[in-house]
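**Student:** Heads up: the protein sequence lines correspond to chains A and B, in order. The C-terminal position of the first sequence is numbered 261 in the working numbering, with every residue numbered one higher than the one before it. The C-terminal position of the second sequence is numbered 159 in the working numbering, with every residue numbered one higher than the one before it.
Hints should not be assumed to be uniformly reliable.
Each computed EDC-like pair below joins lysine to aspartate or glutamate, with the alpha-carbon atoms no more than 16 Å apart [said to hold, decoys possible]:
no. : chain 1 : residue 1 : chain 2 : residue 2
1   : A       : K91       : A       : D79
2   : B       : K31       : A       : E259
3   : A       : K23       : A       : E190
4   : A       : K58       : B       : E35
5   : A       : K160      : A       : E259
6   : B       : K31       : A       : E72
7   : A       : K58       : A       : E72
8   : A       : K58       : B       : D34
9   : A       : K83       : B       : D34
10  : A       : K23       : A       : D8
No wet-lab data here; the hints were simulated from the structure. No experiment lies behind these values; they were computed from the predicted model shown.
Each chain, letter by letter, is given below.
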Amino acid sequence: MTSSGPVDSFYYIQHHLMNWHAKLASGNSFLRLNLDTLLVSITLGLLFIGIFRLVAAKASSGVPGKLQCAIEMVVGFVDTQVKDTYHGTSKIIAPLALTIFVWIFFMNAMDLLPVDLVPRIVEGAGAESMRAVPTADLNMTFALSLSVFVLIIFYNIRIKGPIGFFKEMCLSPFGIWALPVNLILNVVHELAKPLSLSLRLFGNMYAGELIFILIAALLPWWSQPFLALPWAIFHILIITLQAFIFMMLSIVYLSMAHESH
Amino acid sequence: MNLNLTLLGQMLTFVLLVAFTMKYIWPHLMKAIDERQQKIADGLAAADRGKHELELAHHKAAEILRDAKLHAANYIEQANKRAASIVEEAKEHARGETERMLVLARNEIMIERTAAREALRQEIAGIALQSAQKVLGRHIDSAADDKLIEQFIAEVAGD
Chain A
1 MTSSGPVDSF YYIQHHLMNW HAKLASGNSF LRLNLDTLLV SITLGLLFIG
51 IFRLVAAKAS SGVPGKLQCA IEMVVGFVDT QVKDTYHGTS KIIAPLALTI
101 FVWIFFMNAM DLLPVDLVPR IVEGAGAESM RAVPTADLNM TFALSLSVFV
151 LIIFYNIRIK GPIGFFKEMC LSPFGIWALP VNLILNVVHE LAKPLSLSLR
201 LFGNMYAGEL IFILIAALLP WWSQPFLALP WAIFHILIIT LQAFIFMMLS
251 IVYLSMAHES H
Chain B
1 MNLNLTLLGQ MLTFVLLVAF TMKYIWPHLM KAIDERQQKI ADGLAAADRG
51 KHELELAHHK AAEILRDAKL HAANYIEQAN KRAASIVEEA KEHARGETER
101 MLVLARNEIM IERTAAREAL RQEIAGIALQ SAQKVLGRHI DSAADDKLIE
151 QFIAEVAGD
């Protein structure tokens, strides 16, 4: 897309920021499905479990292939992070961290594809609009962080018992005489976790996507590589870092749930 | 941008992904990694052991070599001694043989000389007899003359 006018650019940008959705009931904005987010994230999820399952099924302790080596490096890396941070016995934390890391990384990596590539293909197949990066959709990031949040609450209750958890919410950090303050403080403290997790990821990816869109929308075609290339290279760092941060904080929050303050 | 049902769909997807990873991916890969680590550790230990054994083998080889050299020197010395003794023996034997041969030769010579002397004596006796016969002009055969002849021969032969 070359810039042929401010109206066209405006339309282009807005079009790129509009999800391809299906309305399940007219008038209710919650009863919608973002088909693009679901499509891309599920495809990438299947890609993730496909590749990893393939390697896991025929993983040998002999001389590994290059793919097995790469995947073992990722798994080993995640395992080290989990072992360093989390000292509980739960078997779910490490696979959870691996899934978070790889899945988010894959979804973030959609940002590196040309901004028009996936939308054009899907729109060519009949969609009215399309956004290719699922992690730039709040639904995606909140889905991840709320799932982690549910696990945080689950482990809080399981380790400390319902009463223990409730007591901790009410009594720490200031003791019984500041009960309402404690409660408000703790609720905010807990709710801030999923909120910060999802908004951090969303903000980074949304901004990254927007910059790619702006480069594509506002600059003449010949100058685009000069900005898009450095930004894409920088973005490789960002997508990895954001996936890592999301994983790392999830592990930290979950290990915090195992310890009473 | 607004939150909608996608949220629930994504949460469900996430849960399924985590469950799948937990059941089918993580354990297999961790097992392979653990086994590889164990194998590498074993390999390193084996390498260390091998190095140690190599050193021992070197020591042992040096020792064996030293022993072999010692043995070889012994053998050579023994062989030399034996050779010397054989030569000595052979010399001794040769000397003995020579002695024996010499004695035999002497005996032979003695016998021959005795025989020759006897033959000579006979001949001289014959010649003396003949000459005496010629001198006397008659045949001498009496036993009385024999004594004279004997005496003569004894004189001739009494070297």
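**Student:** Compare the structure with each hint and give your call.
**Tutor:** Hints versus structure:
Among the hinted pairs, K91 of chain A with D79 of chain A is consistent with the structure: their alpha-carbon atoms are about 12 Å apart, no more than 16 Å. Distance hint between K31 of chain B and E259 of chain A is unfulfilled; the C-alpha atoms sit about 29 Å from each other, more than 16 Å. Distance restraint check for K23 of chain A and E190 of chain A: the Cα-Cα separation of roughly 33 Å exceeds the 16 Å cut-off, and the hinted pair is therefore not satisfied. As the CA atoms of K58 of chain A and E35 of chain B are separated by approximately 14 Å, the hinted pair is consistent with the 16 Å bound.
In summary, the hint linking K160 of chain A to E259 of chain A is supported, as the alpha carbons are separated by about 8 Å, within the 16 Å threshold. For a cut-off of 16 Å, the pair hint linking K31 of chain B to E72 of chain A stands: about 11 Å separates their Cα positions. Taken as a hint, the K58 of chain A and E72 of chain A pair is honoured in the structure, with Cα atoms around 13 Å apart against an allowance of 16 Å. Between K58 of chain A and D34 of chain B the CA atoms are separated by roughly 15 Å; this keeps the pair inside 16 Å, and the hint holds.
Of the pairs offered as hints, the one joining K83 of chain A and D34 of chain B holds, with about 14 Å between alpha carbons and a cut-off of 16 Å not exceeded. Between K23 of chain A and D8 of chain A the alpha-carbon distance is near 27 Å, which puts this suggested pair outside the 16 Å criterion.
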